[in-house]
Amino acid sequence: MITALLVMILLAILLGLVLGYSAIKFKVDGDPMVARIDAILPQTQCGQCGYPGCKPYATAIAKGEADINQCPPGGDAGAKALAELMGVEFKPLNEEHGIQKPKSVALIDESTCIGCTLCIQACPVDAILGAAKQMHTIISSECTGCELCLPPCPVDCITMEPILESSETWKWKYPIYNIEKIGKV
Amino acid sequence: MLMQIKKIFKFNGGVHPDGNKAESTHLPIARLPIPKKLVLPLRQHVGNIAKLKVKIGDHVLKGQMIAEADGNISASIHAPTSGKIIKISEEVVPHPSGLPDFCLTLEPDFKDQWIEKKSIQWKKLDSATLIQTLTHSGIVGLGGAVFPTHMKLKINKTQSINTLVINAAECEPFITCDDMLIRERADEIIQGALITQSILNAKHCMIGIEDNKIEAFQSLTKAAKKTSIEIKVVPTIYPSGDAKRLIYLLMGIEVPKEKRSIDLGIQVFNVATVAAIYRYIELGEPSINRIVTVTGNVKTPQNYEVLFGTPLPELIKNADGKETKIDKFIMGGPMMGFDLPSINVPVTKAMNCVIGSSPELFLPPKPVMPCIRCARCADACPVYLQPQELYWFSKSSQLEKAIDYNLFDCIECGCCTYVCPSNIPLVQFYRYAKSEIIAEEKAKEAANTARERNEFRLSRIEREKKERAERNAQKALGAQEKQATDEKKLAISDAIKRVKKNQQENIKNKNE
Amino acid sequence: MNSIQKIALDGFWKQNPGVVQLLGLCPTLAITTSVINGLSLGIATAIVMALSNGSVSPIRKFIPIEIRVPVFVLIIASLVTIIDFSIHAFIQPLYKALGIFIPLIVTNCIVLARVESFAAKNETTPSFFDGLFMGLGLAMVLTLLGGLRELFGKGTLFSGIDLVFGPSANNLVIHFFGDYHGFLLAILPPGAFIGLACLIALKNRIETNQ
Amino acid sequence: MFKDHFKKISITATSMIIFSFIASTALSISYFITKSPIDESDAKAKKIFLNQVISANLYDNDLVKDTISAEPSQLLGNKKNIEIYRAKIKNKVVAVIIESIAPDGYSGEIKTLVGIDHENKVLGVRVINHKETPGLGDYIEIEKSKWIKNFDNTSLEKITENHWAVKKDGGEFDYTTGATITPRAVIKSTYKTLLYAKENKQRLFAL
Amino acid sequence: MNNRSPYIVNAPSVSTIMFKVLLALIPGIALYVYAYGFGVLVNIFLASLTVLLTESTILSIRKLPIKPFIFDGSGLVTAWLLALSIPSIAPWWIIVLGTLLCIIFGKHLYGGLGYNLFNPAMVGYAILLISFPAFMTHWQAPIFLIDGHFAWIDQIKIIFNSQLISKETVDAISSATPLDYIKTQLTLDQPLSRIKQDKIFGFFGGQSLEMINFGYLVGGLYLLKEKIVSWHLPVAFLLTLFLIGLIFNIYQPDTFASPLFQIMSGGSILCAFFIITDPVSAPTTPKGKIYFGIAIALLVFIIRIFGGYPEGIAFAVLFMNICVPLIDSLTQPRVFGHKQ
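Line order of the protein sequences matches chains C, V, A, F and W.
Per our numbering, the first sequence starts with residue 2, numbered consecutively.
Per our numbering, the second sequence starts with residue 39, numbered consecutively.
Per our numbering, the third sequence starts with residue 227, numbered consecutively.
Per our numbering, the fourth sequence starts with residue 138, numbered consecutively.
Per our numbering, the fifth sequence starts with residue 27, numbered consecutively.
Since the hints were derived computationally from the structure, they do not count as laboratory data.
Bear in mind that the values here come from a model prediction, so they are computed numbers and not experimental data.
It is possible that part of the hints are untrue.
Said to hold, decoys possible - No more than 25 Å apart at the CA atoms, straight line, and that leaves these computed lysine-lysine pairs for DSS-like:
no., chain 1, residue 1, chain 2, residue 2
1, F, K202, F, K305
2, C, K81, V, K472
3, A, K287, F, K140
4, A, K429, C, K81
All chains should be modelled from the sequences, with the hints used to inform the complete structure.
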């Protein structure tokens with residue numbers, strides 16, 4: 002009886018010391034998770050998730066404050082990738098935050114633009130060129146299609162143009178054939 | 039049979055499809071008359087689209103450059119005959135996508151008037167100058183790869199080319215354009231090979247030809263009699279005409295992954311390409327036409343010398359096409375070719391063969407059964423891949439796994455599909471997976487740029503805020519005098535606040 | 227829906243440890259050769275889980291974070307040992323039948339998992355019920371699986387009931403087929419895997435149909 | 138810095154100690170409460186098992202506790218000392234229960250208990266444990282088949298040496314088609330146990 | 027648009043392959059009937075019928091087209107292999123249940139043709155052996171070894187209603203298989219040379235059994251010639267079995283049978299050419315096939331000598347089936363242009 006108690010207490014002291022020491026010694030700094038989540042996000046910086054950009058949303062996911070299905074541009078595929086990374090179950094896109102639209106770029110109708118620079122301030126990736134009282138233009142290769150420039154424009158001269166398939170962006174399609182129900186995941 | 043000169047190195051797999059070459063070789067190469075109009079796509083090569091040098095209404099002469107190479111990886115376009123530019127528009131081009139691309143339309147004046155032709159004294163010029171000249175020739179790889187030829191001739195100072203290989207293997211069934219070219223114009227090829235050898239400063243030059251082209255072999259041997267060019271016969275096995283496979287067959291050298299043959303001192307050119315080099319250097323004729331095999335369900339299968347831009351119906355009409363039986367046209371051979379989106383496409387630099395297809399000629403695909411992992415595809419794969427695994431990963435869109443299993447080593451030769459008992463369109467899945475991966479990489483790159491730009495913007499805003507705060511602090515020292523201005527500032531900052539609030543509200547509205 | 231109901235629903239269906247979380251596989255697979263075995267071990271586990279969740283929750287704030295796992299294990303191990311003693315002392319035949327699997331409840335992931343993921347974060351009452359319902363959810367699966375295996379393997383149900391209620395209970399055993407050859411696979415370990423897989427499939431089927 | 142660390146480590150150690158102390162106490166209490174019931178029920182269980190070999194009305198002593206020790210013997214197949222239970226009526230040994238090991242089962246050893254009375258007659262045989270193929274060799278268990286009862290009332294006198302075998306080998310004992318190795322092993326070991334009892338009769342049945 | 031190059035193909039269809047496999051089984055079956063009577067044909071018939079019914083039912087439940095998947099012949103191959111693996115006098119419900127289990131658990135639960143991780147016939151066989159060991163180890167003796175009159179109607183009677191037949195009749199026409207007999211007799215401390223004098227032994231393996239195995243061998247060579255199976259699997263398997271048999275035989279000739287006995291008895295030849303060569307559940311790389319064959323041969327030998335059942339092919343094959351994805355990924359051939 003006494004031996005049993007002694008063994009237990011000795012073991013407890015030993016374990017307590019070792020665990021206490023290793024808790025200090027092997028403390029993990031920083032959170033590499035945020036970067037890994039951020040890498041999955043599409044970087045449109047559109048804020049539809051309710052956070053002011055992709056990085057803040059990534060941070061929120063890592064902390065467990067935000068769900069994985071709040072990013073419309075990433076779509077279901079993005080939510081799937083996040084679910085896999087986080088080890089949680091996949092959820093379809095939460096439509097409160099918007100629906101996935103075809104990828105588009107903003108286009109300024111140059112005849113209507115009054116050069117107010119409000120859209121320049123709104124653009125999260127500095128993809129709009131121009132100065133006060135001068136016509137603005139969008140570098141379409143840099144535009145992420147976030148639509149943040151639409152609301153500030155006082156004359157509604159900005160429209161979103163979906164990117165059409167051209168011979169440069171053309172892809173081979175997934176082959177679909179009879180008999181086997183290919184493509185049904 | 040032909041004499042075997044040296045040992046041949048056999049690669050793994052490969053298949054022996056029926057050649058079907060005899061149909062189109064019993065008639066000589068015919069020259070197609072100038073058609074009523076020519077449609078010239080500005081992108082007939084790998085790389086950047088060519089820059090226009092003419093405008094609508096311009097009159098051009100035969101051989102005049104109408105679009106210039108844009109940058110290094112690009113090729114010029116020349117007028118195939120004299121006439122007037124009547125249209126610059128988007129037209130359907132011979133591409134598997136069936137999407138339109140920029141094209142020039144030329145209305146011939148039927149005078150066929152040459153621009154002044156200048157032959158080049160290549161023996162007196164150094165390689166760099168010659169390559170510079172060739173940049174304006176419009177010559178691209180005519181075997182089907184359409185890579186700008188001048189780029190393939192450019193070599194680093196550190197590299198030295200040991201062997202120039204001329205590819206005369208032409209292993210695809212049905213296609214005989216190279217075969218006929220060799221039979222009729224072996225001299226041009228040998229001359230072109232010598233020019234190319236001298237530009238590359240290559241020690242050896244050898245021609246690899248399959249053992250089913252006896253006549254072509256004989257005329258080549260005759261033409262090469264007084265030269266040091268070695269003509270090597272390789273066995274008829276598909277895909278011996280693939281450059282890396284041919285190098286292995288001839289020399290037993292495997293071109294390592296992610297390296298080009300040029301890194302090993304070997305460069306490969308198609309016979310038609312060296313013939314084009316000869317015509318440009320010796321005769322001053324840029325790349326304006328090519329030999330096209332017209333075969334399959336046409337009355338008189340034959341090879342034609344066709345001007346680029348010739349509408350396909352003209353060509354088919356000349357081959358007495360029986361269009362009732364033909365359900366579609368295939369560009370290229372039956373192993374690697376593709377359905378033309380429409381008959382109304384122009385002949386381009388890549389078009390080596392047009393097959394009038396019918397359900398009798400190429401049986402409609404049989405029902406696809408599940409893969410039974412019989413590994414016949416692996417036995418047939420000339421690259422020694424595991425097609426059944428690649429299929430599995432491509433089918434389930436596990437793209438990273440597909441990359442791990444060396445998807446990008448696949449040359450899409452089609453041997454795997456050729457031997458598949460389950461009739462699975464394997465190559466289609468690889469094409470899908472490859473283009474999906476490439477698109478994903480592009481998207482990733484775009485996302486990275488966006489992230490950087492966003493971070494840059496945020497740090498700029500942060501910096502500006504700090505600077506403004508400092509400035510404000512300084513100004514606050516002598517503030518009283520400038521109360522008026524301050525008030526103004528207040529108004530401005532209020533305005534900014536209002537704008538920001540508006541923005542936020544807008545975002546909120548949208549979210550709701 | 228109040229929280230206790232929700233906890234019960236989680237335990238029995240949504241987060242069922244046997245067919246959803248797939249925790250506690252060792253006893254699930256090894257002991258379920260009959261209804262009685264499955265049910266008894268299930269109840270033993272449920273008791274351990276309810277008690278361990280119920281006892282960890284009130285003291286959760288006093289346990290330093292870095293030694294929480296050893297402490298949890300200590301508490302669980304003590305509870306299991308006590309239950310092991312009790313069964314040994316008062317239901318000896320059952321003790322023989324369940325054998326090593328009673329002490330093995332300690333290493334059963336489901337117990338530690340609930341303590342770590344629920345009791346360490348919640349108040350005592352919900353924690354107690356979480357342990358109880360999770361345990362009963364597992365017991366339900368164990369019983370079902372035991373029933374399946376016993377029915378196919380031996381053609382009976384409730385065989386071995388005398389181990390718990392004494393020899394007089396023997397006439398409660400149900401024999402389904404007069405001359406049954408016995409389908410040994412169901413009784414042997416592979417049968418446990420196949421049976422569990424069938425239960426999981428059934429559950430998923432019901433869920434997708436809803 | 139060092140002080141902080143020391144404080145932290147000592148807190149963890151102390152709480153560890155406290156928790157183990159509580160746990161140990163709880164364990165000891167339950168141990169003391171359950172100790173005697175456990176011993177009782179163990180003994181009861183053993184007795185029930187032994188009663189399958191020698192029925193309870195044949196003796197009046199505490200069978201579980203009345204044992205003598207047996208040295209390793211070729212005939213019993215044991216490698217360590219084993220205990221032999223002795224059944225007595227009015228302090229006279231009437232029967233013994235011997236643990237016997239058949240080394241040559243299909244998949245290893247088969248352990249049996251053999252009850253033998255003072256006339257060298259088998260009272261009963263039960264298998265304690267074995268690893269025979271399920272469904273094939275496991276009909277030696279009483280739960281699966283009554284085969285093991287074939288041994289009841291057999292003796293060296295009733296069955297001559299050559300007939301201690303399965304019917305296929307010309308013996309007396311039945312077997313299930315296909316699996317003869319297992320019954321052979323049990324028959325052989327029972328036979329040898331009888332031989333052992335005969336040879337050691339003096340010692341086994343002495344007072 | 028149907029951009030389906032290559033436009034030309036030259037391959038035997040799946041059903042051609044499967045029916046050639048069935049054809050290759052025929053010599054073995056013919057010799058089986060010659061030596062053992064019609065029992066095996068009854069089993070093959072029952073198995074084929076069960077496969078057709080079960081498979082069409084499952085296919086319609088899975089909403090897949092029935093015709094192509096029935097006529098691919100893979101189900102019949104499974105059914106025939108199972109029918110050849112079980113004793114020819116097992117009750118009728120054994121083969122029916124076994125075939126059902128093959129098709130449901132071995133094949134369609136994994137997704138049907140091409141997706142099964144395990145060899146379906148061996149899944150069915152293993153379940154039957156584990157569940158009904160008494161029936162499954164109860165073999166008929168070759169006709170000419172049966173004392174007295176053998177009526178083939180007795181065989182049918184045993185298959186369809188075992189209760190009508192007395193235990194004596196069953197015992198009269200059944201016998202231990204050579205592998206089982208050796209294992210049993212060795213426990214009686216008999217030397218192998220004496221054991222092998224029993225009438226059930228033939229020249230290499232079991233009397234009659236070796237003849238059937240020869241029939242399978244002929245079929246197997248036909249499959250090799252037709253390039254339906256690659257040489258790697260059978261050669262690796264048989265050679266390993268021979269070598270390990272040889273080593274043990276030299277070491278203790280009185281305990282371990284000759285290597286030829288190992289090859290010509292049990293299901294070795296059937297296994298080498300028809301079971302481990304099932305492409306779906308075997309490795310695809312040449313090296314992998316060799317390792318697979320070697321490993322199965324070693325396992326078969328170990329189970330035969332030390333295991334709880336007389337024959338171990340089913341367990342060996344199933345065990346190695348699990349390892350196939352690993353073997354495949356570890357034995358990728360060097361891709362053209364990649365480092366050695």
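Results of checking the hints against the structure:
no.	hint	in the structure
1	F:K202 - F:K305	violated (41 Å)
2	C:K81 - V:K472	holds (21 Å)
3	A:K287 - F:K140	holds (24 Å)
4	A:K429 - C:K81	holds (23 Å)
Of the numbered hints stated above, the single one contradicted by the structure is hint 1.
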